[in-house]
Amino acid sequence: MAIAEQPVSETGMTRRGFYVSVIYGLWGLIGAALSIPAAVYLLFPPRLRKAPEFVEAGDVSQLEPRVPVEMVFRQNRVDGWKIVSEKTTAWVVKLADNKVVAYGPQCTHLGCAYHWDENRSEFLCPCHTSVFSVEGKVVSGPAPRALDRYETKVENGKLLLGTLHESKEKA
Amino acid sequence: MSWLDHRTGIETAIRNFLYEDIPASSGWRQVFGSVAVFLFLVQAFTGALLAFNYAPTPGDAYNSLRYILTEVTGGHLIRGLHHWGASMLIVVVVLHMTQVFLWGAYKKPREATWLVGVVLLLLTMAYGLTGYLLPWDNRAYWGTVVSTQIAARIPLLGPYMSRLLGGEGAVGVVTFARFYGLHVLLLPPATGLLIATHIYLVRKHGVAPTPNDEGRPSMKFYPRQAFTDTVAIFAAFVVLFVMAVAARVPLERLADPTDTTYVPRPDWYFLFLFQTLKFFDGPLEVVGSVVLPGLAVLALLLVPFVDRGRVMRVTRRTAAIGVVALAGLGWTGLTVAAVATTPKADNTVEIDFGAPTDWMQLSPQELAGIGYFRKENCASCHAVGGGKAHIGPDLANVPIKKSAAWMIEHFKRPSTMVPGSSMPPIQLSTAQLNALAAFLLKLTPRNADALASAPDFAVEAALLYQEKNCGACHQVNGVGMKIGPPLNGLARRRTKTWVAQHFANPQALSPGSFMPSYQFSARQMDRMVTYLFTLPD
Chain A
1 MAIAEQPVSE TGMTRRGFYV SVIYGLWGLI GAALSIPAAV YLLFPPRLRK APEFVEAGDV
61 SQLEPRVPVE MVFRQNRVDG WKIVSEKTTA WVVKLADNKV VAYGPQCTHL GCAYHWDENR
121 SEFLCPCHTS VFSVEGKVVS GPAPRALDRY ETKVENGKLL LGTLHESKEK A
Chain B
1001 MSWLDHRTGI ETAIRNFLYE DIPASSGWRQ VFGSVAVFLF LVQAFTGALL AFNYAPTPGD
1061 AYNSLRYILT EVTGGHLIRG LHHWGASMLI VVVVLHMTQV FLWGAYKKPR EATWLVGVVL
1121 LLLTMAYGLT GYLLPWDNRA YWGTVVSTQI AARIPLLGPY MSRLLGGEGA VGVVTFARFY
1181 GLHVLLLPPA TGLLIATHIY LVRKHGVAPT PNDEGRPSMK FYPRQAFTDT VAIFAAFVVL
1241 FVMAVAARVP LERLADPTDT TYVPRPDWYF LFLFQTLKFF DGPLEVVGSV VLPGLAVLAL
1301 LLVPFVDRGR VMRVTRRTAA IGVVALAGLG WTGLTVAAVA TTPKADNTVE IDFGAPTDWM
1361 QLSPQELAGI GYFRKENCAS CHAVGGGKAH IGPDLANVPI KKSAAWMIEH FKRPSTMVPG
1421 SSMPPIQLST AQLNALAAFL LKLTPRNADA LASAPDFAVE AALLYQEKNC GACHQVNGVG
1481 MKIGPPLNGL ARRRTKTWVA QHFANPQALS PGSFMPSYQF SARQMDRMVT YLFTLPD
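For the record, the sequence lines run as chains A and B. Per this note's numbering: the first sequence = residues 1 to 171. Per this note's numbering: the second sequence = residues 1001 to 1537.
Honestly, the hints are just simulated from the structure, not real lab data. Using N, Cα and C, we set each Cβ at its ideal position, and we do this for glycine too. Be aware that one or more of the hints could be misleading.
[Claimed, not checked] Only pairs whose alpha carbons sit at most 30 Å apart, straight line, appear in this in silico DSSO-like list of lysine-lysine:
1) A/K87 with A/K158
2) A/K87 with A/K168
3) B/K1375 with A/K153
4) B/K1412 with A/K82
5) B/K1468 with A/K158
6) B/K1220 with B/K1375
7) A/K99 with A/K153
8) A/K82 with B/K1468
9) A/K94 with A/K168
10) B/K1496 with B/K1412
11) A/K82 with A/K170
12) A/K168 with A/K137
13) A/K82 with A/K137
14) B/K1107 with A/K158
15) B/K1107 with B/K1220
[What the hints assert, rightly or not] The following label-pair restraints were derived from C-beta to C-beta distances:
16) A/I83 with B/A1048: 35 to 41 Å
17) B/R1523 with A/D59: 50 to 56 Å
18) A/I36 with B/T1008: 44 to 50 Å
19) A/G31 with B/I1199: 17 to 23 Å
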């Protein structure tokens, strides 16, 4: 049947035109109702199950100023549907103002484990030779920002560590 | 001809597909096939999404599904679509088959189309059977125990079936892996292939005409029939979506092979088979489990070879109408009988593990605080986290929490602590006020909803727990004394019956125990034992 023969309604729409627009409209709605929840499901972060908690990392009463110590502690981390208890390390140092800070164990460049070089009094990363000062600032190398720091609390000489925050200090 | 079409032929292919000649009488009765294909695609889509957050091993399966339901944004909806979509697919496939049967559309030369359709019906049921196990809750576990036992009793083939399903008497990791493999690896491509064959055969023979179509010019599938199909698909989708949002998808407690009180029931569309099985005892059992279902499938397969007459008007196909009516009646009767004979679990509570269960982490004191909060009707003046404006302050959003001591003073004499407060004094004992304060201190905007949804049975049990001062000897969620054993993990150590008997007469079951005996009413006992068994390990 040719389009010209179709009955035309008062609004000037052919029956064929009506069919076609309903087909497109309804499939559009179905597509949106499926794809939007799917995107939300995949892209939105899941609801937090556990409030962040502080874990004891070690004794800081005997810490010498500006000499970093590697502390190993166990931490519970939410990993999808699991809570894993894993060994984590932090580089803990008492800075000039007697403030104790704890750096995350990974270089801010590509995540290698760095270490403290006693002779140079600097943190060295073995992968791409990033160098950080005792304050965590980038001295040289490709690292894009200063070392990440844990939230810290000191209670009775014991160091408590909270969440690891990405450093905002650019190199 | 466009550039794309010149190179791929895709536009020509789509045009050929849409501008199919169909009989002039085509209309609403032929929509079911399209709706079924659509629902199958929705199942594939939502199934893939679920797989992205699902761990296919027992135990982890349950935890990951709970994670999808309570933590992943939109997870509840996706799982709802997949769950209800399965039921809907069964309904639509059966409607499709009934329509074809009533109109006699399977007649020469369309026998093969019908045969493929029967196999597709069986595949749809196979999805239901295998998917049932995947949540690994009590319902899944016990349902599958029964279905694998049935398979194991098939004469001659039984032992092989049981080995094939990983059973050998017990449902465990192997059975789970086999069911999951079938559900996601084997069945989908088989279904896809058969759907393609089915549609190819429909195209090859054309949509079956009725006697009315003789001498009438055919019409094109697009746009009128495409419009009809689209409207039907949309209606089905709206129903599915509303169910996924509004209806509760069951998730029970983690599969417990030692639970002797569980009454397994299959999904609603298998209830008629379940009921049929009940009519046959002992050596005749195989009649109900294998012979009758087998004969039914055989009868379906033979339909186009038995009914070979000329195509007639549907209104004159009285025999076909009679068969459908009888089948419908039989199915309904069996299903109703199965539902009616399911023992009512009147005293026992059912916990929805698909909802947030933050309340399980609370101490009994804090949980009892929810009870006083509800009893004193605090919510009539206070919002709890993001509600509308109320007379009193929002109890979850108070930026700096007052101390428990301040709150208790305030509960007793509101206006002395907050001059001008119109809050009435709360008439509770100090212990009760302590509980209320403990609960309020626990509230944050993030957990307010989840805590507010703490089920009544648990709150009731916690109130009883506080009243009997159980915490003077026992520990729950790290709160309480350690004179008696900690109560977390009780579900692993004891059965519900044991615990109930132990309450009544502790020394009979644990000689030397100095726990006093407690006489609870049946309701109290059920609430208390259920609560203790839901405590996290």
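_Are any of the numbered hints broken by this structure? If so, which, sorted upward?_
Result: hints 3, 4, 5, 6, 8, 10, 11, 13, 14, 16 and 18 break, sorted rising.
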